Each structure stands twice: as structure tokens, then as C-alpha cells.
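Engineer: Sequence:
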Amino acid sequence: MRKALVVGGANGIGLSIATLLAADSRFEKVYIVDRANVAEEFVHPKFECHNFDLCSEDYSFFDKFSDIDTLMITAGFGRLAHFADIDEAHIINSFNVNTTAVVRLIHHFYSKISAKEDFFTAVMGSIAGFMSSPLFAVYGASKAALKIFIESVNVELEMAGTTNRILNVSPGSIKGTAFYNGKNDLSLTEGLARDIISRMEAKDDLFIPMYDEVFKEVLARYAADFRAEGRHSYEYKMQSGRIK
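Note that the sequence shown ends on residue 254 in the working numbering; no numbers are left out.
The list that follows gives simulated cross-link-like pairs (lysine to any residue, SDA-like), each with its CA atoms no further than 20 Å apart:
(1) 74 / 58
(2) 213 / 172
(3) 157 / 114
Across the chosen pairs, the derived CB separations fall in these ranges:
(4) 67 / 237: 38 to 44 Å
(5) 65 / 242: 31 to 37 Å
(6) 237 / 121: 39 to 45 Å
Simulated from the structure, these hints should not be mistaken for lab results. Here the structure is a predicted model, which means the values were calculated and not measured. The C-beta atom is built at its ideal place from N, Cα and C for all residues, glycine as well.
Throw the hints in and build the complete structure from the sequences for me.
Structural biologist: So this is what it looks like as C-alpha cells:
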């Protein structure tokens, strides 16, 4: 029987993924590690929940999960704001949680990821890591670092002869999460969660949801003129009503 670890699984897409894994008869346990607690209405008998602050210096906490074969890292946060309105603590915490924590977790479980035996890994990145993202500059930068890290390590895994890969999931805005102070709605995130699990188990290395429908054109515009696309992105966000 399989066991999974979902870091950041108490809310949003992480909770949706954890719920689907728990419903899968192949899994006997789903460990959830988060700073927050899973709301009582979402608790599942297969969940084993642990509280942990990813800004902690000591990651030996994760030694207890040596029996997993699936690692899903969905922890992360961002704030839409002008860079002038961001304080230094936000900058430090953003990179600690969105970037450094992911690299440390991959490093912690790397002996499993790089082994010949099947091991499944996915990381929630962002389409903001693929292009300039005004009003999301710190968040975008933290995710851009992840993009290059994952691409680089995946080449090392390939050259080492393992079939295991790290899946970079890079969506745009996701409905049904608490990311923008919203509420968890698993009915809105279930479809995406299923797609992520499917791509992870196929050992894909990149998944951009809505690529053909939206982001293929956006990325093409960005490649053609990143300045113009940056201005377009700025205006779109300012008109979205999400800037407080």
C-alpha cells in the first residue's frame, strides 16, 4: 500500500489533491504537513496531519515520512501589490516558503527521487514564473527560481538513469482556493487536482493548465515583446479589483 505526503495540504489545491489521494484505494495513508489545520468538514480517516512552519531551520522533522512514495508540495503564498507597498518581511517569507522550502524538501527526499524505484513528485509553481508579472513581482520571482531549479534537476535525474521526474505545475489563478482570502471549494478544484495527479503519475515534468486555451498565446506575446505584455498584465490586474 502506498503513502503520500502533501506539504501545504490543509487548504486549496493541496487539500483537493490530498482528498483524492485518500479516496484512492492504492493509498493507505496521506500525510498532510501545514502550518494550518485541516477544517473539520474536510478531515478524512486516511489523513495524518502535522503542523510545521516551513521557515524553520530544522527539517529533520521530515525524517518521519521515510515510507512515502509520493511527494506533493503545494505550500506557497503571494500578494498582489505594487512593489513599493511590500515590506521586507514579506520578501523574506515569500522566498523562504515559495522557493527555499521546496528546494530543501526536494533535497531531503532526493535519495528517493533519484532512485530506480518509482517515486512521484509534484510542485505547485505558477505561470508567473514564466514571464514578468507586475504587481506580483516578488511572487513571480520566487516561482521563476523554482522553474529553473526543477528544469535543472530533472536533467540530472534523466542523466542518472532514473525515470522519476519532478512535475512543475504552473497554473494561472485557481478558483475554489483560499489564495486570495477565498474559501475552499473542492468541487471547483477537483478537476485540476485529478489532472495534476495524472500528470505526476505519468512522470511528466511540466503541466500548464489551460495552456492551449489561454497561456500558449500569452507566452507567445511575452516572447515577442515582454515589455508590451508586461504593460498588458499590469492593466489587467489593476482592472481585476484584486489590488487593495
